[in-house]
Amino acid sequence: MMRRLLPVVLLVAAGSLAAAEFTPLDRAEAQRLLSADKHRQPTVVTLWSSDCGYCKANLKLLSSLTRNNRKLRVITVAAEPESAHLWPMLSRYGLAGPHYAYGSDSPEAIAYAIDPNWGGELPRTFLFDGAGRKERISGVLTAPAIEKATGLRF
Amino acid sequence: MPGMAKATRQELGASAVFAPDGSLLVVTKQGEHVMLYRSSDDGKSWSAPTAVNAQPEQISADGENRPKVAFAADGGLLVSWTRPLGKPYSGAIRLARADDGQRFSPPLTVHKDPAEITHRFESLLTTPDNKVILAWIDKRDLEAAKSGKKAYRGAAIYAAVSTDGGRSFQPEHKLADHSCECCRVTSAIDADGAPLFMWRHVFEPNERDHALARLKPDGTVESVQRATFDRWKVDGCPHHGPSLAVDERGVRHAVWFNQKDGAGRVFYGRLAAGSGIAVEGQRQVGGPRAAHADMAVAPGKLAIAWKEFDGERTQLRGLMSADGGDSFSEIALAATDGASDQARVVRRQDQLFVFWRTEKEGFRLFPLP
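Residue numbers (the numbering used here), protein chains in the order written: chain A, 3 to 156; chain B, -4 to 364.
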């Protein structure tokens, strides 16, 4: 009996793991995530979406920088709800996470909690040096800009 | 209540138009169907929806890339949408026609290019001589440049013309290279009847201002001119397209979003025709969180509607002008706690309305003064 059940149990477990790749983001969590005093190490919070080609360039760059300097922490936020095609687009960059996607809260409330001055353009990136400083950059990142904002060398 | 979202978040993108008999028609997505809803009492009650596409297929229905609805000059009802294909960013532009306004023919793909690449964000324009013109964001030139290891800025705008009310389309042609990649495209008819399309462009090196194309009667390009001059330099996706309307005196009015001097704002301005477009009367619309404005004109009036998050709720607001955009009065229309589509300004004869779909309240129609 157990032997017959086992594959089913494994399948269910695999299914629930796949569904948990993204943590749903609400306005309270967004505010916490973007608070400079919550980041005690150099951290980049990078917003992306499945529609944004420029975001891929940033994810690729951040992925290579984390390999060069393990002190860099990269948190990803998909500015859209989780869907089947989202994880395959992100997983290829091998970023450790955590990984967020917009949850059931109002998207405008989440965006406002992330940054009241953000107009929704992507990529949008928030860079923390881990000592209370925070920078915002819209568009494609460069390694020197990330070095300057995080205080790390790559 | 039609339009209310189910438990899982769904795409809320919807379009509305008044039928010649005065009823309001709305198209939106339900699963793999575009659904058509009808209200004969200005949005108080709605008919059971009709499926536009009998065969299920993928449909885009976010705010920037939603199904569209319009009437051809011969009375045929037209619904267009983007059908996402397998690859990321890919899509095909689809159009279905109902001769009687009820029963739709199977949808056709309006372009000949079968490649599984970007053909998305269509704008649907009908003209008094029964032409139907669709223009969309197309990446065939970008893909060709990539294959040849060449750089290519942004995407391109292509258009297809039908001379039989949308039953068939001539081969598509390019309106312009170097459009922005994922902002909605808008259209209107110019003072002399020429079709106009406006979109966010990528001017060298990376200024995401807007371009306006004027088409000849056969649908080919007469001119493409820069229409805004805010000089927002970003290698990114604003996901925030413009809206255009031409009033009965032939004045072109537009609303758009740009970052100007470091601050993202919605702007209104008149696009004065000439050898180069001059923006007249440019002014800010709403506050710093104003977003996704739409506009329409009726004889003697001009209306803009947008949404604006106030820190707690999303507000729907409007601006009305009775003097051709020289002065405006602002009105509060509604608010919602949840997700919402962009506002759409729609016209019925001499009256303007705002249509707004929200997750919690469904479809709503607000008559403007």
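The hints are simulated quantities; they were obtained by calculation from the structure and are not laboratory data. Careful, some of the hints might be misleading.
Derived DEER-like restraints, expressed as beta-carbon distance ranges [stated by the list, open to error]:
id: 1; chain 1: B; residue 1: Glu52; chain 2: A; residue 2: Ala147; range: 36 to 46 Å
id: 2; chain 1: B; residue 1: Asp345; chain 2: A; residue 2: Ser93; range: 30 to 40 Å
id: 3; chain 1: B; residue 1: Pro15; chain 2: A; residue 2: Ser37; range: 38 to 48 Å
id: 4; chain 1: B; residue 1: Ala49; chain 2: A; residue 2: Phe156; range: 49 to 59 Å
id: 5; chain 1: A; residue 1: Ser52; chain 2: B; residue 2: Lys228; range: 41 to 51 Å
id: 6; chain 1: B; residue 1: Lys169; chain 2: A; residue 2: Asn71; range: 20 to 30 Å
Treat the numbers as computed from the prediction; the structure is a model and nothing was measured. For each residue, glycine too, the CB sits at the ideal point set by N, CA and C.
- Hint check for Ser93 of chain A and Asp345 of chain B - Cβ pair distance inside 30 to 40 Å: This hint is violated: roughly 55 Å between Cβ atoms.
- Distance restraint evaluation - Pro15 of chain B, Ser37 of chain A, Cβ atoms, bounds 38 to 48 Å: violated (55 Å)
- Query: Should the hint that Ser52 of chain A and Lys228 of chain B are 41 to 51 Å apart at their CB atoms be regarded as holding?
  - Reply: violated (24 Å)
- Between Glu52 of chain B and Ala147 of chain A, does the beta-carbon spacing fit 36 to 46 Å? holds (42 Å)
- Query: Has the hinted range 20 to 30 Å been met by the Cβ atoms of Lys169 of chain B and Asn71 of chain A?
  - Reply: Hint violated: Cβ distance 45 Å, outside 20 to 30 Å.
- Query: When you take the CB atoms of Ala49 of chain B and Phe156 of chain A, is the distance between them in 49 to 59 Å?
  - Reply: holds (55 Å)
When each numbered hint is compared with the structure, violations occur for hints 2, 3, 5, 6.
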